[in-house]
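One-letter residues, chain by chain:
Number of protein chains: 2
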Amino acid sequence: GKKVLIVYAHQEPKSFNGSLLKIAVEELTKQGCSVTVSDLYAMQFEPRATRNDIVGRLHNSEAFNYGVETWEAYKRGALSKDLVEEQKKVQEADLLIFQFPLFWFNMPAILKGWMDRVLVQGFAYDLSKAYDGGLLQGKLSLFSFTTGGSQEMYSNEGIGGDIRYVLWPMQHGIMHFCGVKVLEPHICYAPENVSDEKRKEMLTAWTQRLKTLWKEEPIDCSPEWYFK
Amino acid sequence: GKKVLIVYAHQEPKSFNGSLLKIAVEELTKQGCSVTVSDLYAMQFEPRATRNDIVGRLHNSEAFNYGVETWEAYKRGALSKDLVEEQKKVQEADLLIFQFPLFWFNMPAILKGWMDRVLVQGFAYDLSKAYDGGLLQGKLSLFSFTTGGSQEMYSNEGIGGDIRYVLWPMQHGIMHFCGVKVLEPHICYAPENVSDEKRKEMLTAWTQRLKTLWKEEPIDCSPEWYFK
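Chains A and B supply the protein sequences, listed in that same order.
Residue numbering for the first sequence follows our numbering, starting at 2 and increasing by one per position.
Residue numbering for the second sequence follows our numbering, starting at 2 and increasing by one per position.
If we strip away everything but chain A, and leave its shape as in the complex, we get:
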């Protein structure tokens, strides 16, 4: 069976994001996948990139450089335990699903902190090992999120612009940078502002998509997909 890591960033299990998470765990497990969930709020995951991420002495204690220090710590096995655990989950996964509500055209800070702290140099990329040559090659990723605004607002003519504009930093700038292929995002628009029936349809659509997920081809993660 395939291995899936779901990195989940919502405070409330009864939320719509909580339902989407539950569906993914159930459907993928039913398919025979091994599913791991990093429930960031429940874990009280630390989003701040600080000196605490390095165990023991610093490479250069005169002037703290987070990128250099975590790179060096990774090489000598001196990253903090919570990071090592997340990296192990990433290493083992065939597919990474990120489930979250869009906050300010972006992921919530707690999830951004997961990216900032887990995907360190040496582990996820290296000097000349980025994008198609990134160190996490062979894996897939999928951004699944809810919005506050409607689909019309996030269109080319809408005030929020094309929703793909907000996907660029996440999909290209993070996942593609690490060599991870990107599946089509899964977007539920404004679940708080639609009818119960529409919400049920959205949940069913997610279940249906998951049934054939492993047959999907990744997107072409180039500027054309986002901006043309």
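There is no bait here: all hints are sound.
If chains are identical, the list can't say which one is meant, so a pair holds when it fits in one copy or spans any two.
Listed next, the in silico BS3-like pairs over lysine-lysine satisfying Cα-Cα at most 30 Å (straight line): (1) K15 with K76; (2) K130 with K199; (3) K182 with K229; (4) K201 with K216.
Since the hints were derived computationally from the structure, they do not count as laboratory data.
Got chain A; can you put chain B on it based on the hints?
Just chain B now, with coordinates in the frame of chain A:
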């Protein structure tokens, strides 16, 4: 004199970001501005959006909805003290400067957490009060940041794409959404990979820009600026 709030997200005062902060404080103070700094790492600013942001009872304790709860808490004066303090600084400022290193095509999580938690509904925007009608009208903002990648990488032909693509969620999705006008960003490309002389030139350029900052016109914060 004008009032300036600098929201600063770097761990190390001796860093290049630290030098840019120092320059801004000195130059703007010399001009007679009143400058306040929110030094997020030094403050150990909390980036996680949780129930702790609401003092006392919840509006709906059955299912926690951060957006609804902070909106309700704002209206009845029940937001946590650290948020109230940041909101007061924002309220008083004529100009907001965000100083940070670009992490993963975006701001560091600690700064994203400042956006997520401080700019709550009722304070920064409201139901039909967003974009040009946002509640923080009359203020200016400026994103000043350093990159790891070179200017060539962040060009239209570069693998990172036009740097303006990463500015859309920050400038349009956050500041413009709240009614704040946006000045041209100030970008120092790859300060860790250039000569001492080039670094000095970058610092001088920042000082020079600040001297005539109040004469600048905001950008036209529409899709054309970012994607055409």
